[in-house]
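Undergrad: Residues per chain, in single letters:
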Amino acid sequence: MSGNHAIGEAAVRAGCRFYFGYPITPQNEMTEYMARRLNEIEGGVFIQAESELAAINMVIGASMAGARVMTSSSSPGISLKQEGISFLCAMELPAVIVNMTRGGPGLGNIAPAQSDYFQATRGGGHGDYRTIVLAPSSVQELADLTMEAFNLADKYRIPTVILGDGMLGQMMEPVEFPDGEMQKPPPKDWTITGARGRPSRFIRSLLLDPAVEEEHNWKLARKYERIAAKEVRYEAYRLEDAKMVVVSFGTAARIAKGAIKRLREQGLKVGLLRPITLWPFPEIVLKDLAKRIGHFLVYEMNAGQMVEDVRLALEGRAEIFFYGRPGGVVITPLEMSRVITSKYYQKGLG
Amino acid sequence: MLIKTVFSGFGGQGVLMMGYLLAAAGMQEGKNVTYLPSYGAEVRGGTANCTVSISDDEIASPVASEPEYIVVMNKPSLIRFQNQVQSGGIIFLNANLVDMKPVRGDIEVCEVPANDLALKIGTDKAANMIMLGAFIKKTGLVSLETLKVVLKDVFTTKNPQLLELNEKALWEGFTYLEQGRQADASKADIS
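One line per chain: the protein sequences are A and B, in this order.
FYI, the numbering used here numbers position 318 of the first sequence as 318, with every residue one higher than the one before it.
FYI, the numbering used here numbers position 31 of the second sequence as 31, with every residue one higher than the one before it.
Source of the hints: derived by calculation from the structure; they are not laboratory data.
A quick note: this is a predicted structure, and the numbers were derived from the prediction, not measured.
Even for Gly, the Cβ is constructed at its ideal location relative to N, Cα and C.
Watch out, some of these pointers could steer you wrong.
[Claimed, not checked] Cβ-Cβ distance ranges computed for the label pairs, FRET-style:
1. Lys219/A with Gly46/B: 47 to 57 Å
2. Gln84/B with Glu235/A: 47 to 57 Å
3. Ser205/A with Arg80/B: 19 to 29 Å
4. Gly140/B with Ile284/A: 21 to 31 Å
[Unchecked claim] In silico negatives: residues of chain B with every beta carbon more than 10 Å from chain A:
5. Met1
6. Ile3
7. Thr34
8. Val63
9. Asn83
[Unchecked claim] Interface residues of chain B toward chain A, partial, derived using beta-carbon atoms under 10 Å:
10. Ala24
11. Tyr35
12. Ser38
13. Ser61
14. Val154
15. Pro160
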């Protein structure tokens, strides 16, 4: 199954019955899949909106009514959706937003890149907010994390972003979906579904009184703190005796892992830390690693974004190197292993 | 054991289909597989390629540094990929459309006149299946039986009339190498 199809199927199984999208490569297969799949299912609604802006506002509407809802796009389209994502955060509305990132800025190209790390992890739109950001690195994980994204979004009433790229979207790998019935959206006591027989509810993002807005901001900040404390996910590979840690996410982590497998066969003690949640970022794990490991190599398919989070986490406790290939360039594990090897020996670790 | 194969050729030759069938057959046999198509603004007549990894263990990178096997359906693909195949690896050449030989001496070259063989059974559109049949005969990556099962799955939904032709083409390619005619053919077709 291709990655784009896997996300679509996982969303349906997670109880998503509303999908609003606008075509853009390299995620069109997902839109195509949802068009067919939601049509087969009772209550399924698929709309190809007139623009990205319309799509994200449709997401807001469905979410307000309590539905599990998803939209997907790629970098330039996600930029257009940022206003809506800010509104979702302000109004504490759950939604799943998939970004199959491409090379940027501007229209860029359609090749796999990780150029939207900042945009995804720093909020991206206006205002003081965060979104949960999940970074899968296999088709199975795309499926698993899509289902998880809906649960996290509902649990914290927060939009959750899945950050992939064209390689993950187009690649095919075997996928297993969990047995059992389709999930249903959990009961929610805040939705706007008509006030007959109950008091009215309000969901809004305009809070003119600064004192009220401040309290709302602190409420959101406390929520982000709870998420940061509880929801960090990462994969640790061969770190037990590592002298150097490669930090990579998504597609880059697959390539780095391939390189590390090669280098381990040659006796180099290298491991991989792969953040699965980009926000919240696995800071504490990195801090702990820095107690016994002095060298970190960050490899990203951009000109250096996550490396800033690694610096913030390590606070000068270890030496950090960066290897970046922006613009949609996908390197081979062999090239990556050369990068690691040269740093490894330069630093006298071998 | 991790084996990576790159299939390459013109868009329209069914290069992605070859890779997809191999990956699906590998999955059917309980192995770990990844299928990575090249994509971009692809057009018919442009270049197409895909990378298939098959392994008993977890596959780290779906991107191949030095594939064990390369299947070359046209000349530009040979120029592009011949230096990537690992030492001791095999290049499968479509002898009808590639009129040059790999310059490397450290690899094995397996030539199959895929278009001629396909024409023999009716249409050279089936050249990809001829090549795939020969490929699995030579490499033993998956069994012919599994591949037939997968082929049936794919074509039953896609285009049932073409199933028989494709099965025939697979068999033709498979037995071509079996009969040990490869040496003669390469003499005849490659100057």
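Undergrad: The hint names Ser61/B as touching chain A; please verify it with the least Cβ-Cβ distance against 10 Å.
TA: OK, holds: Ser61/B within 10 Å of chain A, min 3 Å.
Undergrad: Minimum C-beta separation from Asn83/B to chain A exceeding 10 Å: can you confirm that?
TA: holds, 12 Å
Undergrad: Checking a non-interface call: every C-beta of chain A should be farther than 10 Å from the C-beta of Thr34/B. Is that right?
TA: Since the minimum Cβ distance to chain A is about 5 Å, Thr34/B lies within 10 Å and the statement is violated.
Undergrad: Regarding the hint that Tyr35/B lies at the interface with chain A, is the smallest CB-CB distance below 10 Å?
TA: holds, 4 Å
Undergrad: Should the hint that Lys219/A and Gly46/B are 47 to 57 Å apart at their CB atoms be regarded as holding?
TA: About 54 Å separates the Cβ atoms of Lys219/A and Gly46/B, which means 47 to 57 Å holds.
Undergrad: Given Pro160/B was flagged as interface, is its beta-carbon under 10 Å from a beta-carbon of chain A?
TA: violated, 20 Å
Undergrad: Decide, holds or violated, for the assertion that all CB atoms of chain A are farther than 10 Å from the CB of Val63/B.
TA: violated, 6 Å
Undergrad: That 21 to 31 Å hint for Gly140/B and Ile284/A (C-beta), does it hold up?
TA: Violated: the Cβ-Cβ distance is about 48 Å, outside 21 to 31 Å.
Undergrad: Should the hint that Val154/B touches chain A count as held when the rule is a Cβ pair under 10 Å?
TA: Violated. Min distance 13 Å.
Undergrad: Is the interface hint for Ala24/B satisfied, with its Cβ closer than 10 Å to some Cβ of chain A?
TA: Hint on Ala24/B: holds, closest Cβ of chain A at ~8 Å, below 10 Å.
Undergrad: Does the Cβ pair Gln84/B, Glu235/A satisfy 47 to 57 Å?
TA: violated, 29 Å
Undergrad: Since Met1/B was said not to touch the interface, does its Cβ keep a gap of more than 10 Å from each Cβ of chain A?
TA: Its Cβ never comes within 10 Å of chain A, the nearest being 13 Å, so this holds.
In terms of the numbered hints stated before, the structure departs from hints 2, 3, 4, 7, 8, 14, 15, listed from lowest to highest.
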